[in-house]
Amino acid sequence: MKIMLCPLNGARNINEFVYGGEVKAMPNHQTCSDKQWAEYVFYSDNTIKVVREWWFHSASSYWFIAERNTASDEIIRSYDPSEIFSDSVNFDHGLNHDGVKERDNG
Amino acid sequence: MVDSNRLAAPMGSLIARDNPITFEFEGKSYTGFAGDTVVSALIANQQWLLSRSFKYHRPRGPLTMAGQDANTLVQLPDEANVLADKVDIEQAIRVMGQNYSGTLANDKDALLEKVGRFMPVGFYYRAFYKPKGIWDKWEPIIRNKAGLGQANLKFKPEYYDKAYLFCDLIVVGAGPAGLSAALTAARQGAEVLLVDENKQVGGALTYHRFDTAGEVADNLLDALKAQVDGMANIRVLTDAICNGWFADNYLPVITGQRMYKVRAKQCIVAAGEFEQHVVFRNNDLPGIVLCSAAMRLMKHYAVKPGNRAVILTGNDDGYLTAIELAKQAVNVVAIVDMRPAQADTQLGSELIKTLQSLGIEIIYNATVYEAQAKQNHLAAVEIYELDREVKISQHISRIECDLLCVSSGYMPTYQLLCQAGAQLTYDDASARFSLNGLPENLHIAGSVNGIHALDKVLEDGANAAQQCLVKLGLADVVNQQVECDIETNFAWPIFPHPQGKDFVDFDEDLQVKDIINSTRLGYRDIQLVKRFSTVGMGPSQGRHSALATARLVAHATGRTVSETGVTTARPPFIPEKLAYLAGRIFNPVRHTPMHYRHQSLDAQFMPAGAWLRPAYYGVPEQKEMLIQQEALAVRNGVGIIDVSTLGGIEVNGPDAAEFLNRIYTYAFIKQPIGKTRYAVLTNEQGVVVDDGVACRIADEHFYVTATTTGVDAVYREMKKWNAQWRLDVDIANVTSAFAAVNVAGPLARKVLEKVCIDVDFSQQAFPYLAYREGHIDDMPVRLLRVGFVGELGYEIHMPTLFALNIWDRLMQAGQEFAMRPFGVEAQRLLRLEKGHIIIGQDTDGMSHPGELSLTWAIAKSKPFYVGCRSVDIVMRRPQTRKLVGFKLDKSNPKPEEGHLVLDKAGADANITGNVTSCHYSTTLDAYIGLAYVGIEQQTVGSHFPIRVDGKAVLSEVVSLPFYDANGERQEVN
Amino acid sequence: MASFMISAEPQLRHNSFNAKTIDAAITLVDVTCSNRIGFRGQQVATFLQAQGLDIPQQPNRAVVMNNGLIILSLSQTEFWLLDIDNQHRQLMIELETLADITKQVTRLYTQHSQAMFIINGDDCPQMFAKVCAVNLHPDAFESGVIAQTSVARVSSVVVNVTHNEQPTRFIILSDISSAQYLWQAIEDAAAEFQL
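Residue numbers (this note's numbering), protein chains in the order written: chain F, 2 to 107; chain D, 99 to 1071; chain C, 9 to 203.
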């Protein structure tokens, strides 16, 4: 049974966790097209790469992000969401509300 | 008791000669010694016939003496399909054979062999189905014939359990390589787990002859055993099988009545190899064994395997076996060596000299082409010469014998390693499969790694351990790899006979032509050959057929053996009793604090998630009546229901209202303190997934209820959202911190006033939908005036450790009003009468707020709530269905949940919806329910058909609620 | 509404499950009704330290104070106080009252949402291996360490409070609604070790 690295609790059996889907940036729900919205809700990439995923440790109710290679299934590292979500998100009319820091490419 | 077949000590390392044990096989009494397996004791008594083969019912005896073949499957009273060469006679007092009709010695089903030509490979795919309906006649016959043993349906389950085991290094296999590895690692401080499937450690050292004199193995074994015993950080598990490899070195080890779930940082598989047979006519007769089987019989059990022996070999191990047999006074008539004469093998000249001194003839370039039987046992072999292309040529001789020991080479024990992703590649020159591509932290050592010379085996084990030590941080350098050039495998030990019965797979009775014919029918891929012919699908799972099949299929399809390969290895390695997987099962159960009170009130419990809730109180025979009575008690007097299972979430902080505003569809920013609001939750797809009531306790403090089975997911999602939004808010799942009851009915206020004296319960002070706090006997409580059952009602939420006292207090106070406890069933009925939907009952995976008439609960002016954009999109589309209330006279057949709603009553009707709830209501004296109907069918007063047991039943659409439309009973105003 | 004190009325607390003390090689005692309080928020560490409490410096650690109070850190921002011998009720009431008016300190309901057992005996790690996937042997789980994990398939907090050379001592906290089930599961796992 696979081992998942939890930033708070250390290495644990994967059945202590709930998978939360890929980290996806929500488009502006007020200005995007219906198609863009539907793709955000229903689609996920299905390519060989390192993905960022949400994982929840059930016993401690702790959400974190893990980077995993979809081909080798290796967990590369995991970290607290505050690493990429640092500012609070506002939903005021017209403003962009994506608080996610983009990963460096390269 | 005939036991003249026992050899003198030091033979018999596993038996205790001072402890005889009597047992039965096939109704006949036999005596053996403690430590004997069923097979060894039977063979000591010259009983070789153990079973009948699967398809042709051929007589079978042991092949491996190691539980690696299926010939030894026998029936115990409580267990079918037990390997007789693995079970001790102490545990097996009454043994029977399997799979025969009549007697084991005289199986009437052996006649099937005569019609074997009508049962070619895969024949069942093309028979038994024509003419139409004939399968019903065939099936019982085939069922009767299929399978091997019988299950004892009266068997009482025993206590099996599981336990985790942690170690730095697990070594699978305690032969010389495994022992060497374990010692090397332990000496450097690693915590080692050493696992072996046998009763003793030593592996091949306990039965194999490594030198002509036969001294090396015993001396080395004693030394290694003593060293292992002296190491406190080596834990040894014998009689233990590592039954699979799972991610990150997670290994199930089954032993006794326990499955150990081992998590090892490093893993070394030193599990050895499977000796392989030779394919010739009648190669499956009792009396034909692998060389290692003969050695085990002698060394482990002190059993003389026969009187006149022939050895058929493709390597030097056959020679060493001959020497041992001769030493034990077996007349070894000849060694038939498939290889040409060679003087320069490792042991070559010394071996030959020893055999010459023993008077044993060696016939080179030859093979057994046919074996012959007398009374179900080997009686003679026909020896033929092999030409340069390893094909049968001249007949050489016929030798009478009662024992044929065979070894054509070895197949590594690849299963665990291939499960881990390793690849098998075949080297044509050495005619061997080898393993590579192992994942990190998994290593192999010893013969499974192709190393055979004993000193190199020890070194290979130590090297593997050294690699592990480096990974564990207990050492710095790895050693040089070892090489071994001993040739063990004969490249083509397959001699098909025109009359067949030249078995490739003993379990499935598959002959050479069966494999070849599969490829001729177009099944060329090894995976297809397997599935078409069933090769490798029997209990031994290809241990002896994979190698031969790979060679045959490669040759037949013009590919290399490496390209052909073997089929996928999957756990379990050996057959795994369901008891290992099932025991000890953990099924959490959740109780409310009042659980034992409900029990004393004769509650009939029902599951709600992991919780147990009273469905109703009383005897099941009166169920319907009791439910109606409970509901009427609420309508006419007062009832009390335990709703502790209800989910509860606390949201605290400056952004509490903003947070709830974004999660639920309704508006919360301006919710007044001391008031409750209905909270509907949609997911990102716009589907309604949960509901509850939000109480505003303070500006920055909300208490929100949720459904019993939904709250954990709601809480999880809330935390995920806030991990992104970073609002200043604390979210807590307090479901278990608060117990709750609902006291409902016209007399509810009177009951509450008696117990909670610091709250003003008057209509003005405590209106409908208000939230208050107070005390019952100094214990703090939260009070909500909600109306799900359509009567005056109060929900009391109390901290769990006070709940039992408060329940008792309420029950006492309610006595004068004849307050009646009611359960989930009555509550469902009452809620339905009030038209309240139950999430998950009246909603499905597509239900959006419009279909549920919940658009009033959407605050359209707020900038965001979860799923808002999706709700907008689905609401803009033409709607297809609507959830409506319906009513029909009780003289009709009763519609049930799931019954389909049609667009019309005729034959060509289409489905437009389905019933989600339906109950008989005493209050209304009719059937009432909720159903999805087509969008054109929703008009109040119109009728729509429901298909009930094939008939269309018309129901009338009525407006909701069915009862107390003005809310007077609830004192809404 | 500060009147709602969950630390109140300890004498009226009642755990509704059957958990009769087991006194054998592995001892099992139910202490669910003893005083207990938890706090979560960005300011909690500061808040508790200001009260003179000795809090752990990293998550998943426990400190046993000289006065018997046990302080657990379940994360950077969540701390629980355990008062097994019921000596510190007044302190808890004060903390609960103060928390109500302190920003970024939220009082938790652990008094009522958790059951709590104390398990004594050197066979504890081996016994736990039958119900828990985390290695609780001394070399992997030292005194003062906390494991938040699943025990017999229910989420639990396991604390090693072994003192010096004394027999192994664990505290386990788990959801109170499955307390009866967990008690029975541990009792069953311990049976093999009991004298």
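Hints listed in this document are in silico derivations from the structure and should not be mistaken for laboratory results. Be aware that one or more of the hints could be misleading.
Said to hold, decoys possible - Below 20 Å or equal to it, Euclidean Cα-Cα: the simulated PhoX-like pairs (lysine-lysine) are:
{"no.": "1", "chain 1": "C", "residue 1": "Lys138", "chain 2": "D", "residue 2": "Lys359"}
{"no.": "2", "chain 1": "F", "residue 1": "Lys3", "chain 2": "D", "residue 2": "Lys768"}
{"no.": "3", "chain 1": "D", "residue 1": "Lys768", "chain 2": "D", "residue 2": "Lys958"}
Computed from a prediction, not measured in an experiment: that's the story for all the values here.
Status of each hint after checking the structure:
{"no.": "1", "hint": "C:Lys138 to D:Lys359", "result": "holds, 9 Å"}
{"no.": "2", "hint": "F:Lys3 to D:Lys768", "result": "violated, 47 Å"}
{"no.": "3", "hint": "D:Lys768 to D:Lys958", "result": "holds, 15 Å"}
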